[in-house]
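Quick note, the sequences are listed as chains H and Y, same order.
Counting along the first sequence from 1, when you hit position 111 you're at 263 in my numbering, and nothing is skipped either side.
Counting along the second sequence from 1, when you hit position 189 you're at 341 in my numbering, and nothing is skipped either side.
Note that these hints are calculated values from the structure, not bench results.
From a predicted model like this one, the values you see are computed outputs, not experimental measurements.
Yeah, the Cβ is synthetic: ideal placement off N, Cα and C, and Gly gets one too.
It is possible that part of the hints are untrue.
As the list claims (entries may be wrong) - Residues on chain Y that point at chain H, a partial pick, calculated with CB under 7 Å:
no., residue
1, I310
2, P475
3, V477
4, N481
5, I486
2 protein chains.
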Amino acid sequence: MTTHAVTLQPSNATQVVHTGALLSDVLRAAGVDGALPCGGQGRCGRCAVRVESGSVRRRSALRLSAEDLAAGYALACQTVVEGDAVIVVPKQETVERQLTTDRAASAFTLPFAYNPATDQTIQVVPLTLPQPTLTDSIDDVARLQRGLAAVGVAPVKIPLSVLRALGSQLREAEWQVAAIVETDNWNHHTPRLLGLIPQSAISNQQSALLYGVAIDIGTTTVSVRLIDLEHGVMIDGASEYNGQIARGEDVISRIISAGRGENGAGLEEMRSLVLGTINTLLSRLLQRQHLKAEDVVKAVVVGNPTMIHLFLGVTPASIRLAPFVPVVNHPQPITAAEAGLAIHPQAGVDCLPGVGAYVGADITAGALAVGLQSTDALTLFIDVGTNGEIVLGNREWLVSCACSAGPAFEGAGVVDGMRATRGAIEEVWINSATHEPTLRVIGDVAPRGICGSGLIALLAELFITGEMDRGGNLKLDLGSPRVRVGAHGPEYVVAWASETSTGRDIVLTKVDVDNLMRAKAAIYAGFTVLAQSVGLELEAVERFLIGGSFGQYINIEKAVQIGLLPDLPWERFEFLGNTAVKGAALALLSRSARTEVADIASRMTYLELSADNTFYDAFTNALFLPHTDLGCFPSVARLINGG
Amino acid sequence: MTTHAVTLQPSNATQVVHTGALLSDVLRAAGVDGALPCGGQGRCGRCAVRVESGSVRRRSALRLSAEDLAAGYALACQTVVEGDAVIVVPKQETVERQLTTDRAASAFTLPFAYNPATDQTIQVVPLTLPQPTLTDSIDDVARLQRGLAAVGVAPVKIPLSVLRALGSQLREAEWQVAAIVETDNWNHHTPRLLGLIPQSAISNQQSALLYGVAIDIGTTTVSVRLIDLEHGVMIDGASEYNGQIARGEDVISRIISAGRGENGAGLEEMRSLVLGTINTLLSRLLQRQHLKAEDVVKAVVVGNPTMIHLFLGVTPASIRLAPFVPVVNHPQPITAAEAGLAIHPQAGVDCLPGVGAYVGADITAGALAVGLQSTDALTLFIDVGTNGEIVLGNREWLVSCACSAGPAFEGAGVVDGMRATRGAIEEVWINSATHEPTLRVIGDVAPRGICGSGLIALLAELFITGEMDRGGNLKLDLGSPRVRVGAHGPEYVVAWASETSTGRDIVLTKVDVDNLMRAKAAIYAGFTVLAQSVGLELEAVERFLIGGSFGQYINIEKAVQIGLLPDLPWERFEFLGNTAVKGAALALLSRSARTEVADIASRMTYLELSADNTFYDAFTNALFLPHTDLGCFPSVARLINGG
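Only chain H is shown next, with the shape it has when bound in the complex:
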């Protein structure tokens, strides 16, 4: 039998092995800590290495995309040596991040070169005004307007609160000021003066002068991004559960809560709860960036129609009742003072346009962020939140619907669920032989709970490695202490109390599983019905774009395994993170993006699922792992049949 020299990088150790040796055995022999959480079945992809040179044979490349293969990646547990070879063993973290099936939520980059002078509606206009004299004694406002006119700015509207400070600001700055002017807005074309700052403040500035915020009000999660309006970059972000959760988990229960009490008390409570969340996030961002509330001069807000109604204090009652009509799809711009946002009181607050009762500005903004309006490819875009909102189409046509998934994928409504923050289990692999899990925890700390992406992975692994049947029932007869009956019925122990930061076991209960099953079934049913409505098969979808705030990463393979996503080639999927807040940021930074999102909203057809009987049938069919009809999921069928 021929022997071969296998050199491992970066250690430069060489192992001499026989032809046909499994690369994972070579690594173990060399003392390289090769984690095989899936038990060497080629599923988890954690043993991926890069073949720098030499001859190897890949027996399976289940976890690897065409791009990965082109880059030379191979799964050590599925690859045999056939000649001398140089193998690069990446750091574990690098592996996890690089594999394209992990499809990281791309960082925020503008799809255009930002030029504040033309893209931005907020302008800083430096003015050196002549001091008043007995012979030039026009009033301060006239003097300011005269100065603005001299540099081509049309007469500005001066809000009362700005007028109140004007006289002393002009004098304190000795008439050397910079006017912060909102040159235009959606449907308000008179320029508006937001305030004056001394010119000295501009020359002394250490960082950008003006900021904006993009706010995504999710039913479960509220996300805020702080954006530098001078350079057009997102400089910080924060997310938190929506304070309204205490009043119900989904939009329907929120609408009911808003209707409680006398004289709109319920509505006002809901408004102040979500405002509380937003303002807490704003204050956290401002503190972290050493900014004042007045530095934030613009806000763009997105959310589903119910969230937008509650944010504005407009009753959402009609959204819930046939014929499902919101009071307003596209609210007119208001000020931060009117909205109650703790930023510059005169900052314009634009709620982007929505489409129908359950398809709101989060979707139109998401569609903008993913570029639906300019793609030729048949694209399906889903925003997985408490509602799964789905858009199908391309630059020619767009059709949308919303299906009630519940908050499970955001880590709410699940015993040990949590948001995708430090301490959240975001990825899980289970060894099919031992039933023991391997976890990836955000921040590499002791786990505290499981976020959305972790829940998807966990459900998939339990099903694929056999701890759970296709109906979602845990198998109590495996002889593993991990599968047991707890206070809430059958459960799987993801982490023992001794390993967690809470000192309690982290578990997934049967009730949690049922919530997750309903959530994924609702979303899949949405895909089905939406495709049917335009007479297309899901296979025809060329690009499958996934947005959502349920984690920074989503394992698309596992999402297919549980039947959340259809069984399409992985290359068609792309996970884009919080597309809603990205779209809001784009609208904040670009005049044309704001026009585009309005165009998207006006062109998008809304399909009301509650007016469609086929939805319930599709939902029921999807209440299995991955689906009643296994034929729809050939890759999953192959896997569970050991193919």
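Please build the complex by placing chain Y on the supplied structure of chain H, with the hints as guidance.
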């Protein structure tokens, strides 16, 4: 000696008298209660009768105008019988009101035929909207805008507070609504939705649907007029002392008060004080007319620049310091909610344009009300308030100034001063022989104090009948108990405690006299300097228009006698009451009037008196009764010289 039959009407009694009999003696003989408060000197005009037919000779007609004479009036104490005659003795009240020298403040009448459809910026647009269905499921706002567009109304701006009520209002009215739309405003041309009312409310209405308020914020007196926007009529009015009086009597002391305290506390206090006064008046009017705050959908506000700054919460500090520059002469429209006015929160609040530091919208509105912008005659218009603001000019040119008179003519800063309401002494005659006064009291009740017109009359009578010298010193040696030394020095007792409603003597003290002297001197000095500034003599003034809230009537003859007004033929004078609030009402009712007032403001030249040394000289010269130079007042000279 020939005898004649004099028949008196309406009693029809006949007296037979000799040629040359004094008519007042004939009346007394016939038992007609002919009051002669001036002692039969032909000064007070209270014994005026109308000569229906027959032959009489008027020895003097001092109190009678050409119009009075043409109408047959004669003063009984100055008229002798020369043949048979029929004499009509009018009721005392009729005499007082009819004599044109009393020149009643004319009631409010529009100088044009009011057509709300074209003159008014507030329109009621009835709309019958189709109910939403699954196939016509556009949002409520889009449905409303679609309905408005169908009747030619451009897309309306919907304020947040209106949006909040929209959904339930539409449904409660079963989509049969009327939209209250502000179609335009000074510089804001997007129509604005103020609210919705059910169509049933229109058909059921008993009175007008919508109202406006004209508000004049005087330094001393605040006046509000309630106006029916449907018929263009003023339906009620109310006035009250400005609550800021407690913080100083003139604008300078108000500016100082506004500058006190930390973080604008003084300014905010001044704002809330005047708002308190205005809102009290509004509430009084609404209650009296059985209206709700929401029925008042428009407000026009006038006042001097300091008052407008304080009303808006804008610091007036720069008005007081050279070069005397206000922060704003013409504030942009705001809403009642922003202003803090207790009317419809979305009502537009227009502060009319002012001209300079001390010539404000009260004057431009007054100029509008008296028609300065369209007269060919050289006209002098004065608004007598705490400041005396004066405009000289015609349709070609306008020059203005302001002189600090103090609040004396508004009844403030005078021991027994009061506003011109029930119980105020508004006219005084003194019998030169007995030094006893005769009083006319508003409401014909026991007197409570003296209003502005009463103070002018009192000062004039004391001077003309000899209780006071030209320097304003009371003569203590007359032997009359009316002239005495009181707690505050020399004083004249106008009414004894037993006659008053307060149970205390009503007096005019030397301090009061000095205040009145300074007030009238400041105003006369203003006339002088303003006329000089354009190289004209006061005699050239063809029309002399007097506005002010110091009483419903002003005795112009007596105002001349004290040197408040120049000694011109009485026909040239006209007293017009509160011209500021009338101008505000015009602007409220007429689009073109609003354009005109802006035009007046832009054309008016402002003369800053504190930048002019001649003012102080003119003021000093005017600190006598009627003036240092008696030659300027020939009619008064004749009177005191018994001419």
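Checklist line | Closest C-beta approach of P475 (chain Y) to chain H relative to 7 Å, hint status | finding: holds (5 Å)
Checklist line | Evaluation of the interface hint that places I310 (chain Y) against chain H, nearest CB under 7 Å | finding: holds (6 Å)
Notebook entry, point to check: When the nearest CB of chain H is found for I486 (chain Y), is that gap smaller than 7 Å?
Noted result: holds (5 Å)
Notebook entry, point to check: Measuring from the C-beta of V477 (chain Y) to each C-beta in chain H, is the shortest one below 7 Å?
Noted result: holds (4 Å)
Next item on the list: Mind checking the CB of N481 (chain Y) against every CB in chain H and telling me if the closest is under 7 Å?
Entry: holds (4 Å)
Every hint from the earlier list agrees with this structure, and none is contradicted.
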